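Engineer: Residue numbers (our numbering), protein chains in the order written: chain A, 1 to 492; chain B, 1 to 292.
The hints are simulated quantities; they were obtained by calculation from the structure and are not laboratory data. Check each hint, because a few of them may be wrong.
To be verified - Away from chain A, derived, C-beta distances all over 10 Å, residues of chain B:
no. : residue
1   : L2
2   : L4
3   : L18
4   : I21
5   : L25
6   : F27
7   : W69
8   : S76
9   : G110
10  : W231
11  : H252
As the list claims (entries may be wrong) - Straight-line C-alpha distance at most 25 Å; calculated PhoX-like pairs for lysine-lysine:
no. : chain 1 : residue 1 : chain 2 : residue 2
12  : A       : K155      : A       : K171
13  : A       : K67       : B       : K229
14  : A       : K67       : B       : K236
15  : A       : K247      : A       : K270
16  : A       : K156      : A       : K472
17  : A       : K171      : A       : K472
Bear in mind that the values here come from a model prediction, so they are computed numbers and not experimental data. Quick reminder that beta carbons are idealized off the backbone N, C-alpha and C, glycines included.
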Amino acid sequence: MSQTVYAPPRPALPRRLAAGLRRPATPPHVWIFRRLTSMRTALTLLFMLGLLTLAGTLLAQVPDAVKGNHAAYAEWLNTVRPRYGGWTDILDKLGLFSVFSSLWFRGAVALLTASVIMCSVRRLPGLWRTATRPRMIMTEAFFERAPHRVRIASKKDPGAALAALGAAFRKNRFRIATERDGEDVHVCADRFRWAPFGRIAIHVSFIVILIGAVLTGTGGFRDESFAVPIGSRVNVGHGTGLAVEAKSFVDSYYPSGPPRNYASRLVLYKDGARVTAQDARVNHPARYDGITFYQSFFGPAVVMRASTGDGRVIFNQGVPLPYSSRDEKDVIGRFALPRQGLTAFVVSPASGETDPGIPTGETQLEVYRAGSNAPAGIRVLAPGRPAMIAGVDFTFVREGEFTGLIVAHDPGAIVVWIGSTLLVLGLFTVFFFPHRRVRAVIRRGAGGSEIAVGAIERRNAAFPAQFEHLVKDIRRAVSPGAKPEKGGTAHA
Amino acid sequence: MLDLSQYCVFAGIVAVALALICYVLAFASDRVARARTALAAESPGGETVTITLGDAPGGVAVFGTLTTWLALGFLSAALVFRSFATGHGPFANMYEFSIAFAWGALLVNGYFLRRYRQWAVGVIVLPLALALLLYSTTVSSEVEPLVPALQNNLLLTVHVATAMIAYGAFAVGFAAAFLYLAQSDDRRRLLPKRELLDDISYRATLVGFPFLTLTIVLGAVWADIAWGKYWSWDPKESASLVTWIVCCAYLHTRSARGWRGRRAALMLMLVFVATLFTFYGNLFFGGLHSYG
Numbered sequence: 001m002s003q004t005v006y007a008p009p010r011p012a013l014p015r016r017l018a019a020g021l022r023r024p025a026t027p028p029h030v031w032i033f034r035r036l037t038s039m040r041t042a043l044t045l046l047f048m049l050g051l052l053t054l055a056g057t058l059l060a061q062v063p064d065a066v067k068g069n070h071a072a073y074a075e076w077l078n079t080v081r082p083r084y085g086g087w088t089d090i091l092d093k094l095g096l097f098s099v100f101s102s103l104w105f106r107g108a109v110a111l112l113t114a115s116v117i118m119c120s121v122r123r124l125p126g127l128w129r130t131a132t133r134p135r136m137i138m139t140e141a142f143f144e145r146a147p148h149r150v151r152i153a154s155k156k157d158p159g160a161a162l163a164a165l166g167a168a169f170r171k172n173r174f175r176i177a178t179e180r181d182g183e184d185v186h187v188c189a190d191r192f193r194w195a196p197f198g199r200i201a202i203h204v205s206f207i208v209i210l211i212g213a214v215l216t217g218t219g220g221f222r223d224e225s226f227a228v229p230i231g232s233r234v235n236v237g238h239g240t241g242l243a244v245e246a247k248s249f250v251d252s253y254y255p256s257g258p259p260r261n262y263a264s265r266l267v268l269y270k271d272g273a274r275v276t277a278q279d280a281r282v283n284h285p286a287r288y289d290g291i292t293f294y295q296s297f298f299g300p301a302v303v304m305r306a307s308t309g310d311g312r313v314i315f316n317q318g319v320p321l322p323y324s325s326r327d328e329k330d331v332i333g334r335f336a337l338p339r340q341g342l343t344a345f346v347v348s349p350a351s352g353e354t355d356p357g358i359p360t361g362e363t364q365l366e367v368y369r370a371g372s373n374a375p376a377g378i379r380v381l382a383p384g385r386p387a388m389i390a391g392v393d394f395t396f397v398r399e400g401e402f403t404g405l406i407v408a409h410d411p412g413a414i415v416v417w418i419g420s421t422l423l424v425l426g427l428f429t430v431f432f433f434p435h436r437r438v439r440a441v442i443r444r445g446a447g448g449s450e451i452a453v454g455a456i457e458r459r460n461a462a463f464p465a466q467f468e469h470l471v472k473d474i475r476r477a478v479s480p481g482a483k484p485e486k487g488g489t490a491h492a
Numbered sequence: 001m002l003d004l005s006q007y008c009v010f011a012g013i014v015a016v017a018l019a020l021i022c023y024v025l026a027f028a029s030d031r032v033a034r035a036r037t038a039l040a041a042e043s044p045g046g047e048t049v050t051i052t053l054g055d056a057p058g059g060v061a062v063f064g065t066l067t068t069w070l071a072l073g074f075l076s077a078a079l080v081f082r083s084f085a086t087g088h089g090p091f092a093n094m095y096e097f098s099i100a101f102a103w104g105a106l107l108v109n110g111y112f113l114r115r116y117r118q119w120a121v122g123v124i125v126l127p128l129a130l131a132l133l134l135y136s137t138t139v140s141s142e143v144e145p146l147v148p149a150l151q152n153n154l155l156l157t158v159h160v161a162t163a164m165i166a167y168g169a170f171a172v173g174f175a176a177a178f179l180y181l182a183q184s185d186d187r188r189r190l191l192p193k194r195e196l197l198d199d200i201s202y203r204a205t206l207v208g209f210p211f212l213t214l215t216i217v218l219g220a221v222w223a224d225i226a227w228g229k230y231w232s233w234d235p236k237e238s239a240s241l242v243t244w245i246v247c248c249a250y251l252h253t254r255s256a257r258g259w260r261g262r263r264a265a266l267m268l269m270l271v272f273v274a275t276l277f278t279f280y281g282n283l284f285f286g287g288l289h290s291y292g
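Let's have the full structure, built from the sequences with the hints guiding it.
Structural biologist: Structure, rendered in structure tokens:
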């Protein structure tokens, strides 16, 4: 229960006098240090992050693919305009459609990180002192007023009483330290004395996870649209020297319709040499050399062949068709012939759709010269029949399938896992193994010794029972055979 | 096996309802025997602190407590039978989530009932559990086959089970905080003392917070395996982060700023609102978690 203290109001000083007595201005670096180590600042930042995260949950967020593309962004903004009306532009200006990459969010995280580092550094010496060099000699007032206390008379002499007391503490898994003060022996008993360092671990873990997130954002690579036609080999790029060949792709469904499994059989090549063959399934990615291949999507593909006028084949592989036309009636893919300076787009009717311009079983080819927006030629190709465009013979060999992978190398993930482990271990240590400290003093008394035991453990309703249990063991150890005194233990 | 699970759910609903009726009767009648041990003494600071040790339920409340345990037993059996029938952890759709949430609330309530012997907290937890169980009867209980993204039995079971324990702990924290606000100036004889309620709500959060953290971390591990990214700012991820942040703020305001009592109770209300938002959020916001 809290105690209300009455404080008489201070007499107000005349304004001019008060101005004269004003404290000297605090230097800016001291002010910044004070603010950053203040719990009030940390809590304000925490609340701010909570509100921003809530905003990020409630408000529509710009998809990653749209970010950075001005026209696509404007188009996306128009799609959410009916929902937010006149607020759309205000929310946009405030950066609330991309909360988690906004200046507000990043600024709050950065300041909170600084605050966490400073608070942890400030607390460390105190925690170390408490764990390793506790105050050993306690005053009589402590044993008279400790919230949990007991006095026990023992017929044993102080030496034997100390041994018995130590045994009782150890039975309750307390570690004891002793110090003599004249004839008195002071005992400091601790259980889980290192547990408070879990707090430091928790705060450090926050920083470690952030470092991991930064590494994820800045290092490595992530290709979310890595499509490999079945039977073809595609280079991963990004300096990995890896290439992926998709041997097969399977999509299976439950009789009731929902998907059951998507799986690709992949063969990986490093600098042209086969290194491994693995299956990539949802929930079971293929991994090699720190690169992960996740099964992500699939779709139709066409196998195309291109040859120069003298019959030399310059392209012969599957072309995935992962994009859709605006009306979603066609699927589109592209491939490049860099030596010829040509880019070719392949358009086929989407599954179950018909396009009056492209007969079923045929495909349309649009070829562009580099730097030109006008096509060098557009032809509808039937399988096996070559057509010459821009001096190259293009042949639509057959229809096929592609498997879509996410290929990622994330150097931050391992750091995030280390931080997460630290966080979870720290939390469970702090909350489930709290530090307990009980003190005792053994004095020579009439007919043996007198033992006083005390602990300051406030506002923990479970502790009194633990203290009672400990005291019972101490009593049994220091005065065996004696009947427990009623009301011998006090809890305030 | 599925029928057996369904019967257990119905038995659980009846048991929760009965337990609730017993508790309400215990409140209504003044015949509840309450054994209170209050020990008071002067602390070094000169303030008087009273801690109530063990309020043993008596009379009709004993039946309430027994049926609460029975309900926990039935729901545990229901979840086990359903796991056997489906071949995976019973956490794949809203029907299973609701039963599991009610189970989590009863489990943590049971833990605190054993530790503090304060059945009154059940007066709030049981209606919550009952509401969740009744809600489960309104959604489809059909066993749908798992879509590829959910086909990870270990993570499905552990990730969601830890979430349910965390949610259950926050439900108990909310219940104690609610009673704290109802127990104005410790005059309501049948309610535990305010200090004890404050302590129960705090301890429940101390259970909930690490489990919520574990849920988020395990979720990140699973997301990394299934979606190729440990964090995608999916609405459910963000909502769980909001809950985590509010909870974190509660713990810091309490330990560093001394927020206890009324202000702490209000914070716990917020934690529970955030929990419900996390639980039901995917129904409204879609995202990667939009199963069930």
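Engineer: Which numbered hints turn out to be false for this structure?
Structural biologist: 10, 11
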